[in-house]
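Asks: Here is what each chain is made of, one letter per residue.
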Amino acid sequence: MNTSTYTNGHHVAVQDVETKTAYINGVAYSVQENETILSFVRRHFGNDYVPTLCDAPNLDPYGACRVCSVEVALTANGSRRVQASCHTPVIPDSYIFTDTDRIERLRKNIVELVLTDHPLDCLTCEVNNNCELQTVAARVGIRKVRYPEGKNHLDRQKDLSHAYMTSDFSKCINCSRCVRACDEVQGQLVLSMAGRGFDAHIIKGLDQTFADSDCVSCGACAQACPTSAISDIFESKSVVADKKVRTVCTYCGVGCNLEVAVVNNNIKSIQAPYDAAVNQGHTCLKGRYAFSFYNHPDRLRTPLIKRNGEFQPATWDEAYDYIAEKFTQIKQEYGPDSISGISSARCTNEENYLMQKFFRAVIGTNNIDSCARVCHSPTALGMQRSFGTGAATNSIIDLKYTDCIMVIGANPTDAHPVTGAKLKQFAMKGKPSIVIDPRRTELARYATYHLQLKPGTNVALLNMMLYYIITEGLEDKAFIQNRTEGYDGFKEQILNLNIDELEHITGVDKHLVRSAAITYASAPNAMSFHGLGVTEHSQGTFTVMLIADLAMITGNIGRRGVGVNPLRGQNNVQGAADMGCQPHQGAGYLDAYNPEINKMYSEFYGVPIPIGKGLKIPEMYDAAFAGKLKAIWLMGEDVAQTDPNTQLVVSALNKLELVVVQEIFMTETCKLADVVLPAASFLEKSGTFTNGERRIQRVQKVVEPIEGTKPDGQIMVDIMNRMGFAQPEYHPDTVLQEVSRIVPFFAGVKWNELGNNGKQWPVAPNGNGTEILHTETFKRGLGKFHFAPYKETEETKQHADKYPYIITTNRELEHYNSGTMTRRTNNVKILTEDVLLINPEDAARHFIEEGDMVCVESPRGKVDIKARITTEVKPGIMSTTFHFPELMINNITSSQHDSEALCPEYKVVAANIRKSKGKFKTQPQTV
Amino acid sequence: MENTSTIAFTADELKEVERLQSLYPEHKAAIMPVLWMAQKKWGWLSEDVMKYVADLFTLPYAHVLGVATFYTMYFKKPMGKHHIQVCTNISCMLRGGDSIYEHLCNKYGIRHNETTTDGKLSIEEVECMGACSGAPMIAINEDFYENVSLDQVEKLLQSL
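Heads up: the sequence lines are chains R and A, in that order. Note that our numbering has the first sequence beginning at 1, numbered continuously upward. Note that our numbering has the second sequence beginning at 1, numbered continuously upward.
It is worth saying that the hints were derived from the structure and are not from the lab. Computed from a prediction, not measured in an experiment: that's the story for all the values here. Don't take every hint at face value.
[Said to hold, decoys possible] Keeping only pairs whose Cα atoms sit at most 30 Å apart, straight-line, the calculated DSS-like set for lysine-lysine is: (1) R:K628 x R:K331; (2) A:K120 x R:K429; (3) R:K866 x A:K51; (4) R:K510 x R:K791; (5) R:K429 x A:K51.
Let the hints inform the model, and build the full structure from the sequences given.
Replies: The following block contains the structure:
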């Protein structure tokens, strides 16, 4: 038997008597609790020390390939057993031998056997030089395969059916990494292993193609596959890239880190880094695959000025001169408050900061708002009233520590796929989970409780939950006593509620609500998440305050695994608000209408800053009709397609003398503009995005901006200088320095110190971030209980007799909002159109069959949508998306909005339906 | 064989499914006996039957297909009314199992996992069924016949 001992001068044996040890090749090393032999060896000798094939950083130990085998003895000279190190716990004081002759022969033989059934076409294989089988074969010293050619699977056909995913199972080594990625990471359960012995093979669904299966194209399997058996059309695992740049995804508030491979200033592919704190090697089809919009022929490549009703190309100088002259003239004639701006939550913090600075310091008005208005403005306002800070109290990693999740008005598996996958994993494991949603979302199918309420009745339902928590005596009395105020009056009002009436209003069985309330209140740690199904209602802000009440009454604030966590919609909607893109609060949420703060801002910017009330987005349209507003500047905001009540928005824009739009594509709004400025996409610029858990992360320029375009930040700097305000050239470092001096919770943020995983604000001057808010006290001191009674929205109150159905809006995984980007990628091959979800009962009543066109009419207008008959929605309720401009669903949405924050009520539209002849049917836009 | 659109267990069968599920810490462990029930009822596991069973358990289709294809006793295509399994593993081979298998194949003109055109009979060459003491053995559906000679096989076939 081989008795060689491994001696390595760099590793000194740990002799601490307190810690347990085990021997690796004769030398003692410290052992951690619940550690496998593999992780034990890797911790001391690095990741490459023991070869593996079926092991992956983001998957549970599996023990399929046996390449990681080591010898283990319980005494120094005891008999040795061969064990797969990846799933064998390390026993203290045991003796582990990692590279004896026996082990080396075993490993070599395993790999040799694998290679007898593997095509040896490495030189032409897409993963050449990045193939784990190749690496392991070289590592164990294979020069030739001793076995004769026998039966094999080299004739297996490739699957090229899908818009992104590909498979070539002749290269499969049956390690099951793809199956486990599909199960453990995404939770889609599409892949499995079928057959036995030599016939064992990977299947998709019921042995279908990728295109026919339920695959959601997240790419986790492709990234997990150690060979090219599963890959994608971009050959993401290929090593031909000149460089790889780490940046942050632009598609949603999760803020996945991406590693972008570049060849000759062209993007080749995107992978998700395993060390990313946000996404741990995972991302969705938007982040991973939907990037080809960036050099699409439709990209705007030159400034355009509309003369005599037609766009004419112009130079940047001409465009800037035109805008500066017009702005100056309008400002002189009508005053600075006749100009307004809407910034974009898709742009960086720096760009949003500069835009609000441009409006406040250069134009001289508080008329600056952002698209947070139409999504989470009620969250910001409601949480500020309850806690003092309008941002997520906890981090996504807290899902590891929580005992119960409550998801209200959010569909994270479609809209926030990576966080959605984590929530789904939580629910799939049978842990207590509550979903409050009018639709039976994917998460609702796995949840312990699905409270399928009528749209617009969130307040009534949450009041019911609060009622039961109090009547069951489940309040956290100590927390209420020490950390909150206003409880007694609140309790009295809750106890006065008529539960039977609320049951009728919400349409949810009160016993079910009671059980859910008890589950939430009695969990040691319960965490709530909410989305636009909470905010986009006439009672949006009140709903947020009731969610805060639920957290406070149960003491679920200020530690790991609890809290109130809005799932922020856009990648930087948190940041846009942080940077001051709202009329009433400047950079850092400081009160723009307070004289002292105004003085401070004026000193900081070096010019007088306005103190007069500014316009919120819906007020801007009103002001346009009233003739008070004359010009608007839109940074990457397609209000014509995405704001509610399209006709109103369009006629408001048409009333203005000057509409300036910064965009990457000719959107519906661009068509109404006087000047269009071609902007650079997120892949072509640097800056920071702040995700939904307050994490400020670095966006790094991957490729040079396509010719003719400029980063939005540079455009802002240019126009500021052109209008006489000296602002240095755009660079995230310099802008962040300026921001850190005015925004208190950015005090310690420095571009060079953000690192790969960013920092969560508040960032103290010493650079330390914050994972959990309100641990000792609330930002506002004591948390405040607010009672809000249910009030029916005017939309149904006024129109229910003529328009008896309620239409609500949702998102689909494949597309992002107005779809300007995703419709210009292969995503459009996966999901080609918007559909109307309609219950079979309603469909039957109107003789509507699957795929029929349905004419949906609201008090504002009508649209034709294709029907999808499903029990996902209850009778009387319908749901649709607005990803495709052909549909323009906002022709029917209303101008009702949240009473407090003016967030539009997209989620409740009174409507009537009939079978249509489909005369408005249009072909979807393709790539 | 029933129409695909009517694939469903009866109320009594569903009770049995529940009983089987209650025997295990996790419901999904009952997938094997339930697939067996389904095979007995519908004769084989068609795609629709597997989907039905998967939905009963809220299990992914791929998982059910994985289980069904792993075990050879689940039929993935229609088999004969009388499914004859002939063991040709060591004990039976030494005692003439091969000649029984060849005899049957020649007689009916079908081979391993094939069915006669009238759907009455199918043949499968199986690995050890654990009845070595009675080699050579054959099984017809779920009944074992041990120490069989060619004559006895013939008699058995006539009695079917």
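Asks: Against each hint, give a clear statement of whether it holds in the structure.
Replies: Going through the hints against the structure:
1. R:K628 x R:K331: Given pair K628 of chain R, K331 of chain R holds - Cα atoms ~12 Å apart, limit 30 Å.
2. A:K120 x R:K429: violated (46 Å)
3. R:K866 x A:K51: holds (27 Å)
4. R:K510 x R:K791: Status holds; Cα separation ~19 Å.
5. R:K429 x A:K51: holds (22 Å)
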